[in-house]
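Line by line, the protein sequences give chains L and W.
Residue numbers for the first sequence follow my numbering, beginning at 20 and rising by one.
Residue numbers for the second sequence follow my numbering, beginning at 219 and rising by one.
Since the hints were derived computationally from the structure, they do not count as laboratory data.
Hints may contain errors.
What the hints assert, rightly or not - Under 8 Å between C-beta atoms, here's a sample of chain W residues computed to sit facing chain L:
| # | residue |
| --- | --- |
| 1 | 251 |
| 2 | 261 |
| 3 | 263 |
| 4 | 266 |
| 5 | 306 |
| 6 | 317 |
| 7 | 318 |
| 8 | 321 |
Said to hold, decoys possible - Computed cross-link-like contacts, BS3-like style, restricted to lysine-lysine with a CA-CA straight-line distance of at most 30 Å:
| # | chain 1 | residue 1 | chain 2 | residue 2 |
| --- | --- | --- | --- | --- |
| 9 | L | 60 | W | 288 |
| 10 | L | 83 | L | 60 |
| 11 | W | 287 | L | 83 |
| 12 | W | 317 | W | 274 |
| 13 | L | 60 | W | 287 |
| 14 | W | 317 | L | 74 |
| 15 | W | 288 | L | 74 |
| 16 | L | 60 | W | 274 |
| 17 | W | 317 | L | 60 |
| 18 | W | 244 | L | 60 |
| 19 | L | 85 | W | 317 |
For each residue, glycine too, the CB sits at the ideal point set by N, CA and C.
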Amino acid sequence: GAVVSQHPSWVICKSGTSVKIECRSLDFQATTMFWYRQFPKQSLMLMATSNEGSKATYEQGVEKDKFLINHASLTLSTLTVTSAHPEDSSFYICSAQPGLAVGDTGELFFGEGSRLTVL
Amino acid sequence: SQQGEEDPQALSIQEGENATMNCSYKTSINNLQWYRQNSGRGLVHLILIRSNEREKHSGRLRVTLDTSKKSSSLLITASRAADTASYFCATRDTGTASKLTFGTGTRLQVTL
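Sequences are here, hints too, so could you generate the full structure?
Structural data, given as structure tokens:
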């Protein structure tokens with residue numbers, strides 16, 4: 020199956036600093052990537068949809084200026100948590116979807132996740 | 219986004235037994251997918267069933283879909299300790315080009 024690489028897998032930072040998380044599709048081009056946030060023992064909450072070459076679409080309640088998303092190429096999307104605070108501590112997961120073709124069902128391929136701890 | 223509900227929230231069985239998880243959703247869907255997540259890891263796609271399908275098999279997995287009841291079930295037969303994980307259903311709505319909405323998940327524990 021297709022491989023999505025996400026890093027760092029874990030990061031600890033001080034309150035007020037910014038953290039960048041990268042999501043790369045290694046063997047396919049991803050026109051669309053998704054960023055999710057997951058709290059312990061809970062489901063995935065979609066934060067935003069990232070489309071190559073255009074602005075990300077954020078879900079209701081997600082601060083655009085807080086969570087900056089850049090999808091500069093067909094294989095790379097980045098999520099930057101700006102001025103991080105302890106409440107931003109969470110597990111962030113990206114997923115990528117190959118370009119949709121006729122009959123394509125749109126299975127998602129996930130990265131391994133990034134655990135952010137803000138002190 | 220409206221998440222689907224899954225039940226049970228947690229399930230503990232012994233190796234060799236079957237595990238059944240249920241998922242209910244609220245909208246009209248294009249397809250429904252099941253994913254598995256090991257603790258602290260990303261998600262792995264297990265199986266997809268289209269809205270015009272009623273049942274699908276893949277190895278020890280059997281998925282059913284009842285669009286009239288807006289529900290699906292995942293059956294894992296002859297479970298193994300390695301099946302211990304969280305399982306999520308995810309729906310792709312008819313009106314949304316690409317977004318998947320995940321259910322609340324079932325945590326499965328398979329003991330020896």
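Going through the hints against the structure:
no., hint, verdict
1, 251, "holds, 7 Å"
2, 261, "holds, 4 Å"
3, 263, "holds, 5 Å"
4, 266, "holds, 6 Å"
5, 306, "holds, 6 Å"
6, 317, "holds, 7 Å"
7, 318, "holds, 6 Å"
8, 321, "holds, 6 Å"
9, L:60 x W:288, "holds, 24 Å"
10, L:83 x L:60, "holds, 26 Å"
11, W:287 x L:83, "violated, 37 Å"
12, W:317 x W:274, "holds, 23 Å"
13, L:60 x W:287, "holds, 27 Å"
14, W:317 x L:74, "holds, 16 Å"
15, W:288 x L:74, "violated, 33 Å"
16, L:60 x W:274, "holds, 28 Å"
17, W:317 x L:60, "holds, 22 Å"
18, W:244 x L:60, "holds, 22 Å"
19, L:85 x W:317, "holds, 22 Å"
Violated hints, listed in ascending order, are 11, 15; each of the other numbered hints is respected by the structure.
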